[in-house]
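Visitor: Chains as they are written, first to last, in the numbering used here: chain A, 12 to 252; chain B, 136 to 513; chain C, -13 to 326.
Hint data in this document are derived by calculation from the structure and do not stem from the laboratory.
Heads up, the beta-carbon is just placed ideally off N, CA and C, and yes, glycines get one too.
Certain hints may be false.
Unchecked claim - A short list of chain C residues far from chain A (calculated; beta carbon distances all over 10 Å):
(1) 11
(2) 13
(3) 80
(4) 89
(5) 126
(6) 162
(7) 204
(8) 208
(9) 215
(10) 216
(11) 218
(12) 219
(13) 221
(14) 295
(15) 298
To be verified - Residues on chain B that point at chain C, a partial pick, calculated with CB under 10 Å:
(16) 200
(17) 243
(18) 246
(19) 250
(20) 251
(21) 334
(22) 351
(23) 354
(24) 355
(25) 358
(26) 362
(27) 364
(28) 454
(29) 456
(30) 464
(31) 467
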Amino acid sequence: MPDPLLTLQGVHTHIGHYHILQGVDFEVPRGSFTVLLGRNGAGKTTTLRTIMGLWKASRGNIRFAGEDVTSRATPDIAASGIAYVPENMSVFSGLTVQENLILAARTGKIDAVRLEWIFSLFPALQRFFGLAAGTLSGGQKQMLAIARALIEPRDLILVDEPTKGLAPAIVGNMIRAFREVKNAGATVLLVEQNFMAARMLGDAVVVMDDGRIVHRGAMAELAADSALQQRLLGLHMEAHQ
Amino acid sequence: MFGRVLSGDYPRSPILTGALLLILFVLAFAPFLFTGAQPLNVAAKICVFILLVASYDLLLGYTGIVSFAHTMFFGIGGYGAAIALSRLGPSWAALALGIVAAIAVAGTLALLIGLFSLRVRAIFFAMITLAVATAFLVLASQLSGFTGGEDGLNYTVPELLRPSFRLFAEPIFGTIVNGRIVTYYIVFFIALAGFLLLLRVVNSPFGSVLQAIRENEFRAEALGYPVVVYRSFASVVSAVMAALAGILLALWLRYTGPDTTLSFAIMIDVLLMVVIGGMGTLYGAVIGATLMTIAESYLPAIMGSLGKVGAGIPFLSTLLSADRWLLWLGILFILSVYFFPTGIVGKLRAHWQNKRHGTAQRQDSSTPGDSGNTRPSN
Amino acid sequence: MTDGITEREETTVRAPAIDWIPILLVAAVALIALPLIGSFSTWVTLTMAALAMGMIIFIMASGLTLVFGLMDVINFGHGVFISVGAYMSLLVLRPLTGWVESPSIALNIAVLVLCILVAMAASGLFGLAFERVIIRPVYRQHLKQILVTMGGLIVIEQLLHVFFGGSPITIALPQTFRGGLALGPDIIVERYRLIAVVVGIIVFLAMMLVLNRTRIGLLVRAGVENPEMVEALGYRIRRLFVGVFAAGSALAGLGGVMWGFYQQTLTVGMGLQVLVLIFIVVIIGGLGSIGGCLIGSLLVALVANYTAFLEPKIALISNIALMLLVLMWRPQGLYPVVKV
């Protein structure tokens, strides 16, 4: 079995006085689409931020592409091939759509073919290419944030709740786009509360609660077992279905 | 009984206790220990600055906010007494009016600045106080009809405080107790009372909340403490105490001008005293004010002779000249902020703590209001 | 269905709006002052003086505001780079007195350019050292930052005393920059003020060009908004910050040269004096905003010059009043920087 692309082993993270991650273990196999599920406050966002080095793990280690990245600085982690789409989108609102994408392309040039592909996923970005990102709607900002992660090939893409607060039709659009990304062979770690979206995209699933991993397995298995869903995800997840 | 006077906040280091007792003794008996005007001048200045620096420590060390307007409040006190005495004549009523007016103005202004700028960000407070203090300095030197402008005000104090006044017909311990000595003791006892009052404030529940805010503003806010109100109130107490110190200086010097109260050089001095003495300890104010005032009064002479040693070598003589002592103090100041943010007092306490390590329980953890070992952070 | 959605989305997009109100405010202040001053030629003189002063303050303040925006660092020592820059011009002016006194415009411009280059290089290098020695150990600690940068200011001020002496130094403007230029009947504008405005405009345009057209500029703008995300895209914000800090210090040095010629006197404390104005400017403009910095500089300079003519005693107070009024209207300054 080949080495997984990303491995977390016994990762603990403290924020101030709070002990948020209390020993997180899971792995993301190369080429997989792994979904990280869990209720609010379970530590999903903290897990992504710890992988990116935005918060430092106090214990445990994180290996990416065979190297220990636990104590590396955020820019180095990003440069080693991880793209990050944070929860609050974090587009640079004073910069245009184009400028946002130029910054995301570390080589300094936007590849025309990739840009065409991104425009085909998110046509709105093409229309508003020259406009300040701050003027976009919430859904469009989210598209731009994802586009930033796609503008150059990255080994791993971390995405934090892209469907949060979006209208159902736009969620559908988003899911189609992620399918394309998946088909293009990218490795994705997606944090999601929306189980419907998670089920349609994921092939592996990791469930967190209270800063620990409570379940790991294939998505198909969880999708088929409603008792397991009930136990792991509770009622509010079903509300999305 | 001693504990009640000190509000339970002991020096907690034998060397510090010794130094404090020595300072107290010398200041208490200064008129009888020295002859000539210079030592008594230095002693009175030390008393005034202990109160001024201690009141600043309430802001900087305990509340964790930097103000550059402290000398403005010092000046308001000085000018309050000066204007009242020079306009209304040397009566106690005039002085009382000046004191009340100065304290009212200082308190109100501090409240306004606090409510206005502490609401936004602590960093605004530093910038806005710097701007306001500069404007005030310019205003004081412009409104010459009122403040005497750059020249300042000379005035006569009530008769009891004049050098010609004799309290007793006979000398006491060989010293004639004249109006100057009466003035000195007024300065000494008010400064002492002010200091003990500040000690009480920082060791009260109010003081504990201030320190909680300093350590973690958001947490204190979340616990339901109105941060802006607490900070503004600390700023008012601090300003009133600074004004009081200004009044004492005005009485002692019988002169008030921009250079003695408002200038930025004094603000820098106060900063140096509080940081070198030890932020957030109050006793640091005593140590800092005493050391710096003595150094400022006598060091120029010493450095002047050092400057002669370096004579002939370009720049070295200027580097060592008496006028450049601020250069060395500035460097010392930066090093203190980096390496011993709790100043001399913090060092002495840590030293004593290490010595007794293991034999007694950590005292500072059981004493609320102590921050001898915690670094002020924002 | 998708089309319906995207169309509805599209209608929510507006053209990026420039907030015109503060810009109009500058014009309004100038216009309101005209009837108060009464004489048109005096008004032109005052306005021109204000524009010159405003552009110089902008040059000096822009670095401070960017440094704050990028790294949340407030540098109370910024003022000393102004003094350093101004004093460095002495290194050029003293040996090149011939060029200064020459009636040739070319030589005069050359001497000014040399002053600017030397001052920018020196204060830029000073800035690098200052960042390394004074500021780096106290990142994210505002209280210590304020104290330590103030300490740095004291030390460097004292060093200027050591090397240049404490008494004020008079400097002469280059020959052809002296005196006034008649723009019409009764309307005379001092030549140096025109030069100051031109230099200010050049700096502003260059800055806009760098910020909007270069990759570094994009990074700075992005970093002011959200430094964390810039790091997550793989850029080292620290290096960027050091660069901006040095550039900001160099600009303060440039401002120092311009300010020194404007006043024709150098004092060691000049930087600290201007620092107060700079703080008012960046607070009015909104900490971190370059556009706000420009508008704030112009507002402060106009108000200062008009009140100095109308009621000299309240000139400095007027700026405090202006700051309070602006903050009551917009508590985060005229152009609040969107922080994530």
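Visitor: State the violated hints by number, sorted upward, taking the hints as numbered earlier in the document.
Guide: 7, 8, 9, 10, 11, 12, 13, 17, 18, 19, 21, 22, 23, 24, 25, 26 and 27
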